[in-house]
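Chemist: Take the sequences, apply the hints, and build the full model.
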Amino acid sequence: MSVRRVTVPRHPVTVNRVPGPLDLGERDGAADVRRIVRRQARVAAFTLSVVVAVLVLLPFVLTRLSPTGVWVVLSVGVQPLWIALAVHHLWRAERAERDRRRTPG
Amino acid sequence: MSATVAASAAGIAFVITVSLMVGTVRPRRYTTVSEFYVAARAVRPWWNGAAISSEHTSAAACLGLAGLIATHGAPMLWYPVGAAAGYVIVLALVVAPLRRSGTYTLPDFAEWRLASPVLRRLATCDVLVIGLLYLVGQFHAAGVALRLLTGLPPVVGWLAVALVAVLVALAGGMGSVTSVQATQYWLKLVVFSGVALVLWCSWRCGAADSPGPLEIAGFAEPYGRQGEALAGAGDPSLPGVLTVLFACALGTMGLPHVIVRVYANPDGRSARRSIVATQVMLGAFYLLPPLYGILGRVHVPDARADEVVLLLPGKMLPGFVGDVLTGLLAAGAFAAFLATSCGVLVAVGGAVSACVTRAGVRAFRRSVAGVVVVALALTSLTSPGSSVLMVLLGFSLSAATLCPLLVLGIWWRRLTGPGVVAGFLAGGGLTAVFVGADLLGAVRWQVTEYPAVFAVPLAFAVMVVVSLCTPGRIPAEVEGLMARMHLPEKVAGPPADRSSSQGDRSP
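Sequence lines, in order, name chains F and V. Under this note's numbering, the first residue of the first sequence is numbered 1, with each subsequent residue one higher. Under this note's numbering, the first residue of the second sequence is numbered 1, with each subsequent residue one higher.
Think of the hints as simulated: they come from the structure by calculation, not from any bench. It cannot be assumed that every hint is accurate.
[Claimed, not checked] DEER-style ranges, computed between Cβ atoms:
1) Pro301/V - Asp99/F: 48 to 58 Å
2) Pro239/V - Ala31/F: 41 to 51 Å
3) Gly319/V - Ala41/F: 33 to 43 Å
4) Ala476/V - Arg35/F: 28 to 38 Å
5) Arg44/V - Arg98/F: 20 to 30 Å
6) Arg35/F - Leu468/V: 33 to 43 Å
7) Arg34/F - Arg44/V: 28 to 38 Å
8) Thr382/V - Ala31/F: 46 to 56 Å
9) Pro239/V - Ala45/F: 39 to 49 Å
10) Pro80/F - Gly73/V: 15 to 25 Å
11) Cys469/V - Asp99/F: 29 to 39 Å
[Claimed, not checked] Far from chain F by the CB rule (all over 12 Å, computed), these chain V residues:
12) Leu20
13) Val22
14) Leu128
15) Gly151
16) Ser202
17) Val324
18) Arg366
19) Ala369
20) Gly429
C-beta atoms are modelled at their ideal positions from N, C-alpha and C, and glycine is treated no differently.
Modeler: Shown next, in the form of structure tokens:
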């Protein structure tokens with residue numbers, strides 16, 4: 001049995017697309033957006049504060065370690081921390097967006 | 001021809017062949033404008049994460065960093081810590097809103113957010129300078145590596161990388177470059193981790209020896225400057241390390257070739273996941289520079305920063321095994337030069353073409369060709385310092401200009417065009433003055449060695465103050481713009497398109 005070849009035209013994607021501002025409509029859209037931005041800013045602020053805390057406090061922690069300990073911590077200790085923080089931020093940011101979708105208006 | 005030269009040439013030829021095949025073998029796939037500029041916004045997170053990681057692991061990360069760790073010791077271990085922290089900050093502050101803006105280059109975002117064509121041109125100039133710094137660093141590193149391994153003149157290395165990068169970029173823009181970069185990330189990870197494992201085990205088992213002077217093609221005569229520091233990079237003192245940490249953590253978000261990859265994802269959610277994938281892949285890769293640094297500190301303490309990694313196999317395991325490992329490292333190093341060069345060419349070519357004329361395939365290709373010619377000219381006019389210094393200077397400039405634009409543009413609705421222009425001039429200008437003074441030796445103040453620490457806060461402060469002084473220039477539709485950036489696509493709905501350009505029709 002011969003297989004018929006079907007050509008599926010690809011939908012054109014515009015690169016010149018510059019989406020305009022979102023139409024916030026008649027309802028209290030601006031206040032709603034401000035609330036969402038604040039919520040996402042809180043999530044971002046937590047992640048940033050952890051990054052800053054690690055970068056500020058780690059040098060003091062390292063002064064208490066032996067030279068070998070410093071090499072080990074900086075070589076293999078910090079990268080897993082950044083990965084864990086990134087995954088945690090992803091989870092919180094997506095949860096904040098899911099909660100927003102459940103909230104009417 | 002010695003066995004080392006033959007193995008190195010074979011490794012380099014293998015990478016060039018694979019890159020050309022992956023990037024150009026199916027050029028008919030890449031025909032539309034969106035494929036050239038943003039890979040049709042259809043790249044999946046893990047594939048995009050591999051491409052971003054590949055762009056990030058340039059000559060500086062693969063060769064220069066290990067060399068700095070070998071020559072300066074533990075303080076240099078902070079560099080990968082700062083660079084990886086930069087991606088956490090990008091994830092927290094920039095990624096999803098930037099993708100949801102629907103723009104396709106950083107200058108495009110600047111004009112969209114602040115309705116200022118002047119700002120777009122200024123941002124394009126900034127992107128061009130940062131991109132050229134990166135390209136010159138990669139070309140010089142390729143020249144150093146090729147001369148070291150084969151004895152050929154450095155210009156052959158520049159031309160080889162430039163030619164392959166430009167062919168891949170011309171074939172399909174970001175569409176073709178994405179495939180090449182993602183493939184090269186895995187190649188680099190396998191090569192550098194495999195060789196490190198063999199060298200480390202041979203050292204710990206006592207199989208490695210130190211048979212006296214190295215017999216590698218270009219090692220006899222020194223080439224380029226040695227032991228210098230630039231914009232804090234390469235300076236093991238506390239202020240130097242803090243400057244680089246600061247520049248890396250904030251500069252990552254403004255690197256044009258890195259951030260432009262965010263636009264290749266279908267939506268904000270997958271853009272976030274791309275950065276998390278990048279974090280995992282970079283975390284794996286950054287285990288390697290300390291290993292090479294320790295080996296280099298023990299076995300080749302007198303080598304230049306960019307040469308340490310490539311010299312290790314010949315020094316530790318002379319003979320057939322050492323030659324094979326050197327060939328593999330040559331392949332990995334050229335994969336690093338090519339991946340970053342391709343990415344920078346596409347990012348800068350896209351930004352410049354869309355600024356000078358209307359975005360289109362022909363304009364894109366002309367810009368890419370122009371950028372590579374300028375980069376080659378600059379490479380021929382400058383002497384090869386360490387690649388990591390050029391890259392970290394790019395980080396400093398990015399942190400002092402594009403970082404404040406992105407952070408304030410995404411999170412602060414009162415930002416204005418004049419504020420950003422003033423901040424650009426203050427942050428970028430101060431960085432240029434400090435670096436110029438440091439390079440020329442005209443002024444020997446302590447502060448000129450650490451530009452990022454002063455230029456970044458100044459840029460933020462100037463942007464905020466001037467924006468507060470020009471409230472009439474806040475875009476009228478700012479609430480809608482903020483909504484477009486911060487609402488998930490499913491809530492915001494599809495963006496309202498302008499009509500697509502002629503070159504953007506499906507064939």
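Chemist: State for each hint whether it applies.
Modeler: Each hint, compared with the structure:
Judged by the Cβ atoms, the range 48 to 58 Å given for Pro301/V and Asp99/F holds: they are separated by roughly 56 Å. For the pair Pro239/V and Ala31/F, the supplied restraint of 41 to 51 Å holds, since their beta-carbon distance comes to about 46 Å. For the hinted restraint 33 to 43 Å between Gly319/V and Ala41/F, the CB-CB distance of approximately 60 Å leaves it violated. Between Ala476/V and Arg35/F the C-beta distance comes to about 22 Å, which lies outside the given range of 28 to 38 Å.
Range check, Arg44/V to Arg98/F: about 21 Å between beta-carbon atoms, so the 20 to 30 Å window is met. Range check, Arg35/F to Leu468/V: Cβ separation about 24 Å, and the 33 to 43 Å hint is violated. Taking the beta carbon of each, Arg34/F and Arg44/V are about 33 Å apart, inside 28 to 38 Å as hinted. Taken as a hint, the range 46 to 56 Å holds for the pair Thr382/V and Ala31/F, whose Cβ atoms sit roughly 54 Å apart.
The hinted window of 39 to 49 Å between Pro239/V and Ala45/F is violated, with their beta carbons roughly 28 Å apart. Evaluation of the 15 to 25 Å hint for Pro80/F and Gly73/V yields a pass: the beta carbon distance comes to about 23 Å. Between Cys469/V and Asp99/F the beta carbon distance is about 38 Å. The supplied range of 29 to 39 Å therefore holds. Consistency note on Leu20/V: stated as away from chain F, and its beta-carbon is indeed over 12 Å from all of that chain's, at 25 Å minimum.
Interface exclusion of Val22/V from chain F stands, the closest Cβ pair being 21 Å apart, more than 12 Å. No Cβ of chain F approaches the Cβ of Leu128/V within 12 Å, the least distance being about 20 Å, so the stated non-interface status holds. For Gly151/V, the non-interface assignment is confirmed: its Cβ lies about 34 Å from the closest Cβ of chain F, beyond the 12 Å cut-off. Residue placement check: Ser202/V keeps its beta carbon more than 12 Å from all beta carbons of chain F (closest about 20 Å).
Distance to chain F confirms Val324/V as a non-interface residue, since its nearest Cβ pair spans about 27 Å, more than 12 Å. With 12 Å as the threshold on Cβ separation, the claim that Arg366/V sits away from chain F holds: the shortest Cβ distance comes to roughly 16 Å. Remark: the non-interface label on Ala369/V is consistent with the geometry, its nearest Cβ contact in chain F lying 20 Å away (cut-off 12 Å). Against chain F, the non-interface label of Gly429/V holds: every CB pair exceeds 12 Å, the least being about 27 Å.
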